[in-house]
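Line by line, the protein sequences give chains A and B.
Start counting the first sequence at 193; every next residue gets the next number (our numbering).
Start counting the second sequence at 2; every next residue gets the next number (our numbering).
Just so you know, these hints were derived from the structure itself, not from any lab.
Please note: incorrect hints may appear among the correct ones.
Stated by the list, open to error - In silico PhoX-like links for lysine-lysine, alpha-carbon gap of 25 Å or less:
| no. | chain 1 | residue 1 | chain 2 | residue 2 |
| --- | --- | --- | --- | --- |
| 1 | B | K256 | A | K337 |
| 2 | B | K162 | B | K256 |
| 3 | B | K256 | B | K334 |
| 4 | A | K352 | B | K578 |
| 5 | B | K604 | A | K260 |
Claimed, not checked - Where chain A lies over chain B, by a calculated footprint (3+ residues, C-beta under 8 Å):
| no. | stretch |
| --- | --- |
| 6 | 133-139 |
| 7 | 560-573 |
| 8 | 586-593 |
To be verified - A short list of chain B residues far from chain A (calculated; beta carbon distances all over 10 Å):
| no. | residue |
| --- | --- |
| 9 | K197 |
| 10 | L205 |
| 11 | T460 |
| 12 | A548 |
Here the structure is a predicted model, which is why all the values come from computation and not from measurement.
We treat Cβ as the ideally placed atom computed from N, Cα and C, and that holds for glycine.
Spelled out, the chains give:
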Amino acid sequence: MFKKLFQRPEVSTAKPVVIVSGLPRSGTSMMMKMLAEGGLETVTDSLRQADEDNPNGYFEIELSKNLKDGDGKWLRTAGGKVVKVISYLLEFLPDDLDYAVIFMEREISEILASQKKMLQRRNETSSVPDAEMESQFREHVRAVKFWAARKPNMRIMYVKYNEMVDQPADLCVSIAEFLDLPLNISAMQAVPSQSLYRNRA
Amino acid sequence: MRSVLVGFDAFDPFTYEALAGNGELPNLTALAGKSGYSRLKVCAPPQTEVSWTSIATGSDPGTHGIFDFVHRDPATYVPYVSILPTKQSAVGEQFIPPYTARTIFSEAADMGYPAIALWWPALFPARLDLPISTIPGLGTPDVRGQLGVGTYATSDPDEKKEKTRVTLLKESSKGKYLGALDGPLTKTGAGLQPAKLEFSLDILDDTQAALRIGTVEMPLILGQWSPIFEIKFKLGLLFNVTAITKAILTRARGKISLYFLPLQIHPLSSTWHYGAPKPFIKESWNAGPFLTLGWPQDTTALEEGCITDDQFLALCDSIFESRKRVFYHHLSKMKEGVLAGVFDCLDRVQHMFLRDRTDIVRDWYCRLDGFVGDVRSKMSSLGLDKARFLVMSDHGFRKYRYKVHLNRWLAGNGYLAFSNGAAEPGLQNVAWDESSAYALGLNSIYLNVKGREGKGCVTAEQIEPLLAEIKAKLLNLRGPDGSNAVSSVFMKHEVFSGPYLRLGPDLVVGYAPNYRASSETGLGKAPQSTIEENRDHWGADHCIDPAEVPGVLFANRDVANIPEVSFRDIPFLMIGKHLDQSYVKPPSEQNRQGQENIEDRLKGLGYL
């Protein structure tokens, strides 16, 4: 019995890594900016500079692209800080860390329209019809939600982009409660603005 | 870790949502809040013992091995109760645990936490090798080692019952009667015979009597249940068996009648490992006492007219109250760990009253709602506000208008042939060399597979086409009102996975609402008609298509945001751990179609 008692798993006291996630063009950069304004330290290398698509910056870190190759060591020092990791890469986050994920949701048609413009500006093309891409993104988001809800080391809050842009006040309070952090709410809610709500389909 | 689970057997989401919509279930509505409620996807088949075991293990029957209430020995086709298996040992036939898969209780105990399981199905006999405190539920036998029928004592020598044991009350003098109860079987010169215990019944007036049995003197009031009392049967010179029961005087004028509940295991004096550990059982008994039979709400007595509706409901009341006392006792002592209790009176009440007395059913939903309010209030006063708290059910409920005699349907379609002249067609008189499929249990069809079944004739190449053919035909089966009798048929690999997959039925039949397999089908019999109107008191059921009878899940945490929440998720919600990881597939493995397009798109956008 004593042996059993000493087998209890240790309760992690480390601060969870805050992750902002979602499909590209779902408002992840806006949320990163909000959290930064709210007082949360961001983990970013600023390699990708602000441009016409993201005038406030991307808040990305190039290392996140290596997650798929099993390189997530750099996240060990990210406890209590916020990192942007697109939804596709969430499943590659190291299992031995705890995460509080803010997952941005936006109408897929709006996301596709925004992505199309971004592709054009990057001189990229896509041969996949919109309807097919839309259905694949929907299935991808469904699969991410099914999986993420069942990850013991992952708490997740879904934030609708349009609600955040239109009525940020209550959502900012909810985000602070979810993260259990004393964020500067008024600074956060000043970030979303109709000017960011661009590229609408 | 502190987790409390209250299980309400058969708590139906549609009834809940309707009543809650009228503001009639305030405590559950409060618990549901914005995101603390969801319909729960239940396993196939949605039978009580299968479903609670699937919940406890977070896995389907392919992993735990309980597929149906009735299983069969493929070599002999002989059916047996799946949750009461036995094996021969040096000391005779012994009960063995019906499954060994890991549960939320064993896992919590393994992590070093106390784990208490109260009235959870399929936990008899107690697993002494596991440090789990257990009072078993469905599947616990009576003192005879059977699922249990009561004894009807009557002064009318012509009175007969189909299932209930009948004993004659002989008038020894005016108003004084003598009778005898049959106890456990014992070896006698004439072979195995039931041990007898004589009793006397003195009618005092039109409403009162005195029962004397063994050392017990019990005053009885007409129509009211006695308290639980103990009786002792002598099985030889040195060996006694103590049983518990309750009695009710049902007629005190003219023809006299008295009914005894099935003789049940005394938890402190059992020849089998009823529960564990002993100090826990003693403590629980002192907080109770409680009936120990796996199905203590005596639906057979009600069906056979031994007791009335009100007497049946009064019995359910007393069972619920005694379980509440035991549950509250353990809750009040809880410091950490897992405490789970299954309350199953609602299931029995709905079986007997959902069709004709919805007012009674509604009252029970309100009553359970009140219980949830009391539990939350106690948890709050005990400082357990932040403990995980789950309220859930194993399935919902539907009306049951038509009985399907599935073996008759198989025979009518050329899949099953009976020997000529069989008086009561059933699996005991099948012409196996002419039969390709048979039904047994409430949702199971087996093919008569060569090399697997004792007299199998279906070859490996015939299996898949035969299954597809039977499935297609069953989905076209219509009832007397033209409605579909079956709404789903699953092949075993569609609903089962794990090491016991090969032992499962080849097809799982999901009846449409209003239909269910007849109880004769459950035992492998084949009455003359394919579909028969159900005129029994038992007018509602749940052993149908699982999609038609989802369960409920309430929690003091977010469950509405868990997509497709199912029985597989309960260990995660209860102890923060999945017992079966296989269903939690990363997104890229859930659907590989489209992965390439998504990756190309992300590269194009500079994200990969």
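Tested hints:
With a C-alpha separation of about 67 Å, the suggested pair B/K256 and A/K337 falls outside the 25 Å cut-off, and the hint is violated. In summary, the hint linking B/K162 to B/K256 is supported, as the alpha carbons are separated by about 16 Å, within the 25 Å threshold. Of the pairs offered as hints, the one joining B/K256 and B/K334 is violated, with about 50 Å between alpha carbons and a cut-off of 25 Å exceeded. A hinted pair counts as satisfied when its Cα atoms are at most 25 Å apart, and A/K352 with B/K578 does not qualify at roughly 29 Å.
For the hint pairing B/K604 with A/K260, the CA-to-CA distance comes to about 13 Å; that is within 25 Å, so the pair holds. Coverage of the stretch 133-139 of chain B by chain A is violated [criterion: at least 3 residues with CB-CB distance below 8 Å; count 0]. Interface restraint, the stretch 560-573 of chain B with chain A: holds (6 residues with C-beta to C-beta distance below 8 Å; minimum three). For the stretch 586-593 of chain B, the assignment as covered by chain A holds, since 6 residues bring a beta-carbon within under 8 Å of that chain's beta-carbons and 3 suffice.
A cut-off of 10 Å between C-beta atoms confirms that B/K197 is not in contact with chain A; the least separation is 45 Å. With a least CB separation of 55 Å from chain A, B/L205 remains clear of the 10 Å interface cut-off, as annotated. At roughly 40 Å, the least C-beta separation between B/T460 and chain A is larger than 10 Å, which holds for a residue marked as non-interface. In this structure B/A548 is separated from chain A by more than 10 Å, as the shortest Cβ-Cβ distance comes to about 18 Å.
Checked against the numbered hints given earlier, the structure breaks hints 1, 3, 4, 6 and satisfies all the rest.
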